[in-house]
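Trainee: Listed here are the chains, written in short residue letters.
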Amino acid sequence: MNYDLVVIGGGPAGLAAAIEARENGVESILVLERDRELGGILQQCIHNGFGLHTFKEELTGPEYAERFIRKLKNLSIEYKLDTMVLDVTEDKLISAVNTLDGFFQIKAKAVVLAMGCLERTRGAINIPGTRASGVYTAGTAQRFVNMEGYMVGKDVVIVGSGDIGLVMARRMTLEGANVHAVVELMPYSGGLARNIVQCLNDYDIPLRLSHTVTEVRGEDRVEEVVIAKVDEDKRPIPGTEQVIACDTLLLSVGLIPENELSKKASVEINPLTGGPVVNESMETSVPGIFACGNVVHVHDLVDWVTEESCRAGKHAAKYVKGELSASDEPIRTEAEDGVRYIVPHHIQKDNIDGKLTLMFRVDNVYENARIVIKNNGETIKSVKKRHLAPAEMESVKLKAKDLEKIQDGTLTVNVTVEEVVAQ
Amino acid sequence: MYDVTIIGAGIVGTSIAREFAKYELKTVLVDKENDVSNGTTKANSAIVHAGFDCKPGTLKAETNVRGNALYEQLCKELDVPFKKIGSFVTAFNEQDLAHLKFLKRQGEANGVQGLEILSREEVLNREPNLSQEAIAALYAPTAGIVGSFELAIALAENAADNGVEILLNSPVTAIEKTPHGYRLTAGENVIESRYVINCAGLYADKINNLVNEPYFEILPFAGEYNLFDRSTGDYLNTIVFQPPSDKGKGVVALPTVEGNFLIGPTSDGPKERNNVKTTRKGMQELREKGMKVLPDFPFHKVITSFTGLRAKTPDNDFIIDEPAGSPRFINVAAIDSPGLTAAPAIAEKVVQMVKENHGLLVEDMDFIPSRRPVNRFIEAPAEEKARLINYDPRYGRIICRCENITEGDIVDMIHRNAGAETIDGVKRRVRAGAGRCQGGFCAPRVMEILAREMNVDITSIVKDKKESYLLTGETKAPAKEFV
Ligand SMILES: Cc1cc2nc3c(=O)[nH]c(=O)nc-3n(C[C@H](O)[C@H](O)[C@H](O)COP(=O)(O)OP(=O)(O)OC[C@H]3O[C@@H](n4cnc5c(N)ncnc54)[C@H](O)[C@@H]3O)c2cc1C
Ligand SMILES: Cc1cc2nc3c(=O)[nH]c(=O)nc-3n(C[C@H](O)[C@H](O)[C@H](O)COP(=O)(O)OP(=O)(O)OC[C@H]3O[C@@H](n4cnc5c(N)ncnc54)[C@H](O)[C@@H]3O)c2cc1C
Numbered sequence: 001m002n003y004d005l006v007v008i009g010g011g012p013a014g015l016a017a018a019i020e021a022r023e024n025g026v027e028s029i030l031v032l033e034r035d036r037e038l039g040g041i042l043q044q045c046i047h048n049g050f051g052l053h054t055f056k057e058e059l060t061g062p063e064y065a066e067r068f069i070r071k072l073k074n075l076s077i078e079y080k081l082d083t084m085v086l087d088v089t090e091d092k093l094i095s096a097v098n099t100l101d102g103f104f105q106i107k108a109k110a111v112v113l114a115m116g117c118l119e120r121t122r123g124a125i126n127i128p129g130t131r132a133s134g135v136y137t138a139g140t141a142q143r144f145v146n147m148e149g150y151m152v153g154k155d156v157v158i159v160g161s162g163d164i165g166l167v168m169a170r171r172m173t174l175e176g177a178n179v180h181a182v183v184e185l186m187p188y189s190g191g192l193a194r195n196i197v198q199c200l201n202d203y204d205i206p207l208r209l210s211h212t213v214t215e216v217r218g219e220d221r222v223e224e225v226v227i228a229k230v231d232e233d234k235r236p237i238p239g240t241e242q243v244i245a246c247d248t249l250l251l252s253v254g255l256i257p258e259n260e261l262s263k264k265a266s267v268e269i270n271p272l273t274g275g276p277v278v279n280e281s282m283e284t285s286v287p288g289i290f291a292c293g294n295v296v297h298v299h300d301l302v303d304w305v306t307e308e309s310c311r312a313g314k315h316a317a318k319y320v321k322g323e324l325s326a327s328d329e330p331i332r333t334e335a336e337d338g339v340r341y342i343v344p345h346h347i348q349k350d351n352i353d354g355k356l357t358l359m360f361r362v363d364n365v366y367e368n369a370r371i372v373i374k375n376n377g378e379t380i381k382s383v384k385k386r387h388l389a390p391a392e393m394e395s396v397k398l399k400a401k402d403l404e405k406i407q408d409g410t411l412t413v414n415v416t417v418e419e420v421v422a423q
Numbered sequence: 001m002y003d004v005t006i007i008g009a010g011i012v013g014t015s016i017a018r019e020f021a022k023y024e025l026k027t028v029l030v031d032k033e034n035d036v037s038n039g040t041t042k043a044n045s046a047i048v049h050a051g052f053d054c055k056p057g058t059l060k061a062e063t064n065v066r067g068n069a070l071y072e073q074l075c076k077e078l079d080v081p082f083k084k085i086g087s088f089v090t091a092f093n094e095q096d097l098a099h100l101k102f103l104k105r106q107g108e109a110n111g112v113q114g115l116e117i118l119s120r121e122e123v124l125n126r127e128p129n130l131s132q133e134a135i136a137a138l139y140a141p142t143a144g145i146v147g148s149f150e151l152a153i154a155l156a157e158n159a160a161d162n163g164v165e166i167l168l169n170s171p172v173t174a175i176e177k178t179p180h181g182y183r184l185t186a187g188e189n190v191i192e193s194r195y196v197i198n199c200a201g202l203y204a205d206k207i208n209n210l211v212n213e214p215y216f217e218i219l220p221f222a223g224e225y226n227l228f229d230r231s232t233g234d235y236l237n238t239i240v241f242q243p244p245s246d247k248g249k250g251v252v253a254l255p256t257v258e259g260n261f262l263i264g265p266t267s268d269g270p271k272e273r274n275n276v277k278t279t280r281k282g283m284q285e286l287r288e289k290g291m292k293v294l295p296d297f298p299f300h301k302v303i304t305s306f307t308g309l310r311a312k313t314p315d316n317d318f319i320i321d322e323p324a325g326s327p328r329f330i331n332v333a334a335i336d337s338p339g340l341t342a343a344p345a346i347a348e349k350v351v352q353m354v355k356e357n358h359g360l361l362v363e364d365m366d367f368i369p370s371r372r373p374v375n376r377f378i379e380a381p382a383e384e385k386a387r388l389i390n391y392d393p394r395y396g397r398i399i400c401r402c403e404n405i406t407e408g409d410i411v412d413m414i415h416r417n418a419g420a421e422t423i424d425g426v427k428r429r430v431r432a433g434a435g436r437c438q439g440g441f442c443a444p445r446v447m448e449i450l451a452r453e454m455n456v457d458i459t460s461i462v463k464d465k466k467e468s469y470l471l472t473g474e475t476k477a478p479a480k481e482f483v
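Each protein sequence line maps, in turn, to chains A and B.
Residue numbers for the first sequence follow full-length UniProt numbering, beginning at 1 and rising by one.
Residue numbers for the second sequence follow full-length UniProt numbering, beginning at 1 and rising by one.
Be aware that a few hints might be false.
Claimed, not checked - Listed next, the stretches of chain B that the computed footprint assigns to chain A, with coverage defined by at least 3 CB atoms under 8 Å from CB atoms of chain A:
no.: 1; segment: 269-279
no.: 2; segment: 424-438
no.: 3; segment: 463-476
Calculated directly from the structure, the hints in this document are not laboratory data.
Glycine included, each C-beta is placed from N, C-alpha and C at the ideal position.
Start from the sequences, fold in the hints, and give me the full structure.
Mentor: Put into structure tokens, the structure is as follows:
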């Protein structure tokens with residue numbers, strides 16, 4: 001089989017990239033999705049809050065996905081469900097398997113990697129105790145509750161105040177469970193401010209900041225968990241332990257971009273994001289292999305996923321048509337004070353059409369700060385921000401007039417601190 | 001009336017069951033748990049030891065060296081992963097080096113082949129990730145790695161294929177002597193049997209005491225482990241032991257036969273017999289000791305942690321005997337390390353005891369030594385993959401996305417003898433859920449498959465032990481239907 005463009009993953013990232021590539025003139029496109037339906041993780045996010053930026057209205061996850069799925073079908077873009085991609089090579093030979101076609105290979109001119117991410121588990125954060133059942137990652141619990149129609153427990157403690165943890169605190173409560181606490185290691189929440197209000201405060205669920213779970217107890221099923229306050233080094237403080245009787249522990253302790261396939265294709269991975277190093281076109285270190293969405297860096301808003309993925313699709317189309325300049329990394333981006341990482345990692349100016357969006361995350365909570373973008377030490381743009389938090393992805397758009405000022409070298413982003421709220 | 005009743009379906013009980021299956025005997029294997037291999041056999045280092053650290057003349061020394069020699073053929077017959085990768089005991093100073101020389105002499109006395117003390121250069125050449133502080137190592141080429149629970153499961157399956165009955169969920173709570181042998185109460189079952197073989201692991205003393213005078217006591221010693229992501233699976237080529245100490249073999253670092261990496265165990269006890277919890281202290285200890293031999297190891301790549309319990313006694317040797325006054329009752333007890341390695345030899349020995357004491361056994365001419373081969377879709381070459389999907393399209397559906405395990409692989413393991421009935425049972429047989437997401441994605445699908453294949457309600461599927469339920473009921477609103 002031969003295709004001009006193969007998109008791996010049919011979540012919001014893959015869908016947007018495929019649609020954009022078709023709209024930019026690529027006829028032969030195939031989307032491969034291992035799940036039983038398109039839409040990715042959105043299909044289990046039945047709460048509101050998707051699409052405020054893209055559609056200026058509040059949709060549920062499945063509704064947001066549906067708009068793209070319909071468009072994909074209207075454009076007659078080919079896709080295969082229940083199809084697992086097992087391998088991708090540097091020269092874009094894709095091996096996949098499903099029940100209908102069996103084990104098959106596809107040669108592509110360009111590839112978009114859009115595999116999303118997976119959740120960190122109990123093992124990854126080393127919570128001591130027994131091996132009892134009743135410990136779930138929040139996403140797994142969400143799938144059981146929202147898609148399969150089963151409850152996973154009655155008395156719940158949640159570790160991690162990221163958005164998935166918060167959303168699940170509300171969901172479990174609405175389903176009649178008793179959520180005893182949301183426990184957060186950091187002195188601030190890892191979720192969007194609106195989710196703290198709508199998911200915890202509205203239901204009187206206590207948020208225990210600077211706390212962690214130190215032990216899981218129970219022989220067959222969880223019977224209780226022990227939580228404790230942590231010191232500045234995130235170590236439990238002896239004497240602050242508190243036992244909570246519960247049958248369920250949900251973990252919302254971070255997402256990891258899923259890049260096993262990227263590694264097989266020899267795509268360079270950035271250790272900070274856990275995703276591929278990409279340029280302004282969302283092209284990876286392997287020419288013609290693009291990446292977008294959670295596989296590149298973990299997003300909290302699907303709208304940014306869509307925007308980034310459109311860029312990937314558009315430039316993949318250019319690549320197929322031979323219109324994309326090869327990247328020789330003339331401009332590198334560099335995270336400075338207060339910034340953890342920046343996407344894209346490097347920039348080829350002549351591939352940018354119109355504007356360039358820099359996406360990044362800050363490393364702490366800041367109030368009344370400034371984001372300053374400099375090129376070889378010279379300020380290009382500076383934006384005032386009332387509130388910055390690691391949980392919320394930030395972005396700055398550079399317009400044509402800003403871009404004109406940029407020379408080869410480094411483009412830095414930093415936070416100029418006026419007041420640090422929490423360490 | 002059974003000829004032989006074996007209590008405990010760990011590596012020892014399953015090895016013995018399969019050995020008896022070679023004869024015309026009516027044999028039953030009972031276990032209190034809902035799956036075979038759910039005791040210590042599922043939580044250990046899974047090393048097939050060479051046999052240099054057992055004291056010469058002990059049962060441990062004898063059965064370790066003999067067991068090691070039996071492994072290759074056994075694992076081939078049963079289609080169980082086994083790799084003879086060799087082991088190093090490292091030395092960091094002159095005192096350690098002197099100990100290596102002692103271990104080498106001891107090993108040679110035990111009949112271990114090929115022991116060699118390698119220079120620093122040679123060691124670092126073979127293991128570039130090892131600490132530069134190492135000055136020498138004792139190399140044992142006969143040491144290997146195996147899938148410990150895979151082997152016990154395969155032994156149980158093969159024993160059952162050859163007519164051995166397996167009774168799960170059947171705790172033995174009473175044993176009486178009868179004119180012809182013994183009467184056992186095992187859960188719902190009452191079993192009459194001529195022979196009883198007690199291989200109840202951590203509970204072997206309790207079983208003995210149901211019918212005999214107490215003469216040993218099991219003291220459980222906990223060993224904690226960290227298991228690491230596949231990406232670290234080639235960090236070492238061999239099994240690497242710490243410098244020798246009085247406290248046994250110490251913390252070991254090794255690639256697992258499934259392609260992960262393992263560091264452990266600690267040693268802490270005596271503990272309660274069910275205390276398999278992990279502790280913060282244990283994890284810290286693993287890190288410190290692991291760093292000593294592998295200073296740059298990426299500890300953050302841990303995917304899970306677990307604890308195993310050693311069935312120790314103060315004498316520090318295996319007990320394989322018929323207690324006075326109880327003919328045809330054999331205790332196979334205090335089988336701590338190297339019990340996994342020794343199990344095939346222990347099984348031979350027990351059958352030999354029966355033959356010697358109670359007359360010849362008639363060989364079963366229909367005995368089949370191998371089990372139906374395991375397909376392992378993802379490891380198969382492309383043509384074989386195509387053939388498998390053609391034969392059963394369910395081999396084309398990947399369920400576990402980290403380890404690439406298909407529905408075909410899982411269904412096969414449910415329908416074999418001694419087949420999987422729980423989520424962890426599936427995981428131990430085909431590794432679905434054993435990868436980096438630890439079942440996050442596949443657990444719901446595996447539950448669906450188990451419920452369908454066993455024709456039970458999905459809410460009755462458990463993770464591991466009897467009460468380890470996963471779902472507490474349906475949600476209020478009906479689930480979103482799949483298209
Ligand atoms: C629980 C939760 C709550 C959220 N809440 C909100 C919210 O309220 N508002 C908001 O705007 N955003 C929210 N988000 C964020 C947003 O939904 C995600 O950022 C977005 O879904 C990411 O899109 P993606 O396409 O990159 O990844 P995914 O949606 O994860 O899609 C990746 C797809 O790739 C497929 N795939 C992976 N590997 C392979 C392979 N080898 N072969 C074939 N297919 C493969 C996967 O099956 C999956 O369908 C939430 C996210 C989560 C997880
Ligand atoms: C930390 C650690 C590391 C080790 N590393 C190695 C190694 O690398 N190499 C090696 O060779 N050995 C090793 N060992 C030793 C090896 O794991 C054990 O010797 C071996 O697994 C013991 O097997 P078993 O069948 O005797 O016990 P188990 O596997 O514990 O089986 C006993 C069975 O008896 C059942 N049972 C108990 N009571 C009853 C009852 N009343 N009624 C019915 N059934 C009952 C239990 O459910 C259980 O299934 C290690 C051990 C530990 C703890």
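Trainee: Does each hint hold? Answer for all of them.
Mentor: Here's how the hints hold up against the structure:
1. Only when three residues or more bring their CB closer than 8 Å to a CB of chain A does the claim for the segment 269-279 of chain B stand; here the count is 5, and the claim holds.
2. Only residues whose C-beta sits within less than 8 Å of a C-beta in chain A count toward coverage, and the segment 424-438 of chain B has 3 of them, enough to reach three; the restraint holds.
3. Closer than 8 Å: that is the beta-carbon criterion, and the segment 463-476 of chain B has 14 residues meeting it against chain A, so the requirement of 3 holds.
Taken one by one, the earlier hints all hold for this structure without exception.
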